[in-house]
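Novice: Listed below are the residues making up each chain.
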Amino acid sequence: MRLFSDTKRKAFIEGIKDSIPIGLGYFAVSFPLGIIARNAGLCPTQGFLSGILNHASAGEYALFTSVQHTATYLEVMILTLVINARYMLMSCSMSQMLRPKTPFLHRILLGFGITDEIFGITVRRGGYIMPYYNYGAMFFAIPLWGLGILCGTLAGNSLPESVVNAMAVALYGMFIAIIFPPAKKDKTIATLIIVSFALSFLCSIAPFVKELTDGTRTIILTVVIAAVAAIIKPIKEETK
Amino acid sequence: MKIYIYIFAAFLVSSLIRILPLILIKKPINNVFLRSFLYYVPYVTLAVMTFPAIIETTQTPWSGLAALVICIVLSLRGASLLWVACAGSATVFLVQLFV
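If you're matching them up, the sequences are chains S and V in order. Read in order, the letters of the first sequence are residues 487 to 726 in our numbering. Read in order, the letters of the second sequence are residues 207 to 305 in our numbering.
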């Protein structure tokens with residue numbers, strides 16, 4: 487008996503394939519996060535659970551430090567909201583890539599699976615979202631995120647920093663591979679990338695602004711730059 | 207036990223903000239400004255998250271910068287996601303060995 491149709495299975499496998507670099511990068515990023523989790527007093531099980539349920543780097547960093555400083559639950563929730571607010575933007579963006587009749591359960595699962603990287607490959611794939619493609623990516627990448635934290639809480643500082651650093655750069659390499667190829671055809675996107683790089687760099691060194699968390703800076707810059715671009719260069723009706 | 211409540215609190219919020227827009231926005235947005243805005247969002251967010259983070263993650267900014275250049279060149283030449291990601295990692299590792 488076949489559980490899924492061929493197209494669903496193909497999409498699922500394609501999702502796994504595209505998430506291999508994501509999983510590799512996740513392991514590298516979440517490993518040091520696991521070290522932080524251990525210092526905050528989490529056991530490996532709690533670290534793994536937190537990874538599977540939240541799968542957000544800055545968000546979990548905030549969670550672990552909150553645990554360490556015994557913040558209130560409300561503080562944790564507000565912090566999570568602010569730091570992860572960019573996912574709300576991504577979710578809005580993804581709502582426009584769904585077939586209008588997509589069932590409720592698919593919407594919930596797709597939403598749960600939003601990470602910077604999975605959102606990235608979803609955009610890259612283009613066309614209507616195939617939920618099973620995202621499930622494939624989630625199925626492979628999210629457990630590796632949890633596993634990285636688990637190993638981090640177990641192993642502590644035994645992996646050389648140079649190896650962890652190098653692995654972590656895989657994620658940025660992936661972002662680059664997602665945004666640059668479309669920039670070749672679309673001059674607006676090319677300009678946007680350069681402007682985004684420049685402003686993001688300026689904001690990381692500018693007084694006051696640099697004190698903001700990475701997540702907050704990302705939201706502010708995204709909203710401002712994308713809004714200005716939408717005013718100056720509105721897309722034509724047929725380009726979507 | 208307290209730690210589990212912390213984890214659950216964060217899980218609740220992070221899931222709600224991920225899921226709500228997807229279940230609330232059911233129709234295609236017709237407003238040209240909003241459509242354009244949402245069309246540009248992914249490129250801007252991913253670009254903002256990549257730079258300068260890529261040169262801050264690595265031990266020296268130079269290895270990150272080298273990885274940035276290599277990844278851009280490879281992706282413009284049509285290399286696959288996996289290839290570009292691995293080349294980025296390899297570049298950082300090699301530059302850190304020699305510099």
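Heads up, a few of these hints could be off.
[As the list claims (entries may be wrong)] Quick look at which bits of chain V chain S covers, simulated, 3 or more residues with Cβ under 8 Å:
#1 207-219
#2 223-229
#3 232-246
#4 260-266
#5 272-282
#6 290-304
Rather than coming from a laboratory, the hints here were simulated on the basis of the structure. Note that beta-carbon positions come from the ideal geometry of N, C-alpha and C, so glycine has one too.
Novice: A separate judgement is required for each hint: does it hold in the structure or not?
Specialist: Hint-by-hint comparison with the structure:
| no. | hint | verdict |
| --- | --- | --- |
| 1 | 207-219 | holds (count 11) |
| 2 | 223-229 | holds (count 7) |
| 3 | 232-246 | holds (count 13) |
| 4 | 260-266 | holds (count 5) |
| 5 | 272-282 | holds (count 7) |
| 6 | 290-304 | holds (count 12) |
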